[in-house]
Amino acid sequence: MENEIAACVEELAGVRGLGVPKETVQRELEALVKLDHVPPVVAKEELLRRYREAPARSAGPARSEPVDLRLREVREGATSVRIVARVLTSERREVARKSGGGKAVVLSGLLSDGTATLRFSWWDPPAVELERGSVLRVANPRVRNWKGRLDLSFGWSSQVEVASDAELLPLRDEELLDRSVRDLRPGDEGVRLRTTVLFVEDRTVKVGERERAVRSGVMSDATGMIPFTAWTDLPLEQDTHVEVRGAHLRTFRGTAELVLDERTRVERSAEEGRALHGTEMAALPVEIASLEAGGAPGPTLVDGIVVEVRSPSGLVQRCPQCSRSLAKGLCRTHGAQKGEVDLRARLVVDDGTGVLTAQMSRGPVEGLLGLDLAGAVELAREKLDASAVEERLKERVLGRRLRLLGRPVPGTWGLTLFVDRSLPMGRPSPPMPPRASPTIAPLPSEGP
Amino acid sequence: MTTGASGSQEAEPAASTARAVPPREVAWRLFAHELTSSSVQEKGEGEKAATHVLSPLGARVGRVLMVGTFTQIEPLGEGTVPMWRSRLTDPTGGVSVTAGPYQPRAAAFLSQARAPCRALLVGKPHLFLGREGVPLVSIRAELLVSTSAQEESDWVRETAGHTLRRIELCQEVLGADGAEVGPSLKGCPARWAGDARSVLRHYPGADPGRFVTTARSALAKVTATADAPAGLTGNGEVPLPSES
Numbered sequence: 001m002e003n004e005i006a007a008c009v010e011e012l013a014g015v016r017g018l019g020v021p022k023e024t025v026q027r028e029l030e031a032l033v034k035l036d037h038v039p040p041v042v043a044k045e046e047l048l049r050r051y052r053e054a055p056a057r058s059a060g061p062a063r064s065e066p067v068d069l070r071l072r073e074v075r076e077g078a079t080s081v082r083i084v085a086r087v088l089t090s091e092r093r094e095v096a097r098k099s100g101g102g103k104a105v106v107l108s109g110l111l112s113d114g115t116a117t118l119r120f121s122w123w124d125p126p127a128v129e130l131e132r133g134s135v136l137r138v139a140n141p142r143v144r145n146w147k148g149r150l151d152l153s154f155g156w157s158s159q160v161e162v163a164s165d166a167e168l169l170p171l172r173d174e175e176l177l178d179r180s181v182r183d184l185r186p187g188d189e190g191v192r193l194r195t196t197v198l199f200v201e202d203r204t205v206k207v208g209e210r211e212r213a214v215r216s217g218v219m220s221d222a223t224g225m226i227p228f229t230a231w232t233d234l235p236l237e238q239d240t241h242v243e244v245r246g247a248h249l250r251t252f253r254g255t256a257e258l259v260l261d262e263r264t265r266v267e268r269s270a271e272e273g274r275a276l277h278g279t280e281m282a283a284l285p286v287e288i289a290s291l292e293a294g295g296a297p298g299p300t301l302v303d304g305i306v307v308e309v310r311s312p313s314g315l316v317q318r319c320p321q322c323s324r325s326l327a328k329g330l331c332r333t334h335g336a337q338k339g340e341v342d343l344r345a346r347l348v349v350d351d352g353t354g355v356l357t358a359q360m361s362r363g364p365v366e367g368l369l370g371l372d373l374a375g376a377v378e379l380a381r382e383k384l385d386a387s388a389v390e391e392r393l394k395e396r397v398l399g400r401r402l403r404l405l406g407r408p409v410p411g412t413w414g415l416t417l418f419v420d421r422s423l424p425m426g427r428p429s430p431p432m433p434p435r436a437s438p439t440i441a442p443l444p445s446e447g448p
Numbered sequence: 001m002t003t004g005a006s007g008s009q010e011a012e013p014a015a016s017t018a019r020a021v022p023p024r025e026v027a028w029r030l031f032a033h034e035l036t037s038s039s040v041q042e043k044g045e046g047e048k049a050a051t052h053v054l055s056p057l058g059a060r061v062g063r064v065l066m067v068g069t070f071t072q073i074e075p076l077g078e079g080t081v082p083m084w085r086s087r088l089t090d091p092t093g094g095v096s097v098t099a100g101p102y103q104p105r106a107a108a109f110l111s112q113a114r115a116p117c118r119a120l121l122v123g124k125p126h127l128f129l130g131r132e133g134v135p136l137v138s139i140r141a142e143l144l145v146s147t148s149a150q151e152e153s154d155w156v157r158e159t160a161g162h163t164l165r166r167i168e169l170c171q172e173v174l175g176a177d178g179a180e181v182g183p184s185l186k187g188c189p190a191r192w193a194g195d196a197r198s199v200l201r202h203y204p205g206a207d208p209g210r211f212v213t214t215a216r217s218a219l220a221k222v223t224a225t226a227d228a229p230a231g232l233t234g235n236g237e238v239p240l241p242s243e244s
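Protein chains in written order, with the working numbering: chain W, 1 to 448; chain L, 1 to 244.
Read the hints as simulated data drawn from the structure, not as lab findings.
Positions of the beta carbon are idealized from the N, C-alpha and C atoms, including for glycine.
One side of the interface only, derived from the structure: several residues of chain W facing chain L at Cβ under 7 Å: (1) 307; (2) 350; (3) 352; (4) 354; (5) 398; (6) 399; (7) 414.
Estimated spans, in silico, between C-beta atoms of each pair: (8) W:252 / L:80: 54 to 60 Å; (9) L:81 / W:363: 40 to 46 Å; (10) W:89 / L:49: 54 to 60 Å; (11) W:330 / L:112: 35 to 41 Å; (12) W:346 / L:207: 41 to 47 Å.
Listing some non-contacts, in silico: residues in chain L with all C-beta distances to chain W over 10 Å: (13) 71; (14) 72; (15) 213.
Full structure from sequences and hints, please.
Now the structure itself:
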């Protein structure tokens, strides 16, 4: 064994251009063989690879203090960098080593510091589980391009430490990306926007096992509309003008969405007048014909006349498992169920250029009915007929003009608009020249 | 869903994305003048094929949405089957409207309405040959609801806007003389442009310009009476075709 090691050391020391002192080679090779139980030949190859890949490390400049960078500033191939970022997700896996067989443990996931989110791969991580949300300080990661995305690889040359939250400095104002809604791109983080909250509602969503309260809605500025979800309690009231700092964009079910979380600050905007003017510009309805072409254009405003109320509308029973409407107590996928009572509506809306089916959930239907769910149940009880609610809905909406804010989705049965909110019509719309929908266009993959 | 897939088997490869059902007919906004000036009807083949009235302004009309005053409401025919007829008058003319047992809601409306009353109509138009071969348009009502004066002027404004845009489209199509018209067609829905091209072949020597006057005077009536600022004239982006 010793002979073998010595031979390998000799061999390595003899390789020209590595510039690694013989003692270092000896120490590192012995460590690999004796501590990690790597066969000497494999260890030799491993060291050779290390020394060749990091020639700069042993030279002068790279040994100098690494530079602190925000993730947004990190570029492929960067060396001597230090970052501080929060772990968003992590997963421990075993992968086969490329050379020499055997398995390597790698912890990979996503890191963010509020300016960008990058993948990381931590080779041979400590056995202790890394908690989601913990902050890491990493010096000298390798920055690789992995399948077209940047990947931070923490290997033998990197120093990884768990740091305190305080080290993750909040974004300074000059670090924010000033964006208008139209200019938002997937991957944008640390965004500053001045917008009007068109619509907001409190919801609870299930994240894994836990239920979390979120506020979601739609914001708008002069250039377009964007749905948002706020994961913390932020001052977002309907019809107020706000400045949002430090939000990020993600794509959820094919549409872009602005995410507001612990790092986001929201302030009521001082420039009420200008913002309001801008909102009206963005909140112009589009012709239904322009939506039939397809795509996933995000929140859209549509004006039209209700020409039909399709069943099931009004009071419905929903499957407790999948929320589908039950037909005669039967769910399409779950069979006989004891339903949960709810309100919904399917309205056929026509603007003379096209037709769509507006799918409405309880909130907008309550508005159209002028009754809340309890009131609707009461009405049905009074009349001894659940369809009394549908009848009331018909009386109130058939032949009437509605302005709907929602997400259009083309399908086999024509265009469907998933309605977020039914807005007051205000003045009748004058003949409207078609315009590009005020939405986020499908985009190329992430920018630099 | 599965029936849709099997039904499209013999069609072309692209048909896998085609609709299993024909799309719902859009409810055209047009004035009585345009509708009653139609003299061509197109019947589709096969069961339950839709009938379309082809308008001289290039619309293939399977459904209309109109607002106006209903008069001459009367029961039609004899026996137990309720059938109602009425006449709808808008600022440009009048058209016959019927409702039968398959339109219970609309028939109930007519049976209870007292003429004259203002109402919104959604229905399917048909063309009949009257005496001396004069084509007559009649609308089978699907939906009838009472409306306010405000809703009526909203409709007139909207319909005038659509009509004027279609007139312009027709002039462009006719001017192009069979050649492909520019892709933009002044931002008209693609369906309008496609229909205008095929429908106008049935109206050789058509003069779309003659509908400008009625559309404009209808508009003038509501802008004169309504307190709201002029919708169309206030919107410089819809150019009015010149009267000719």
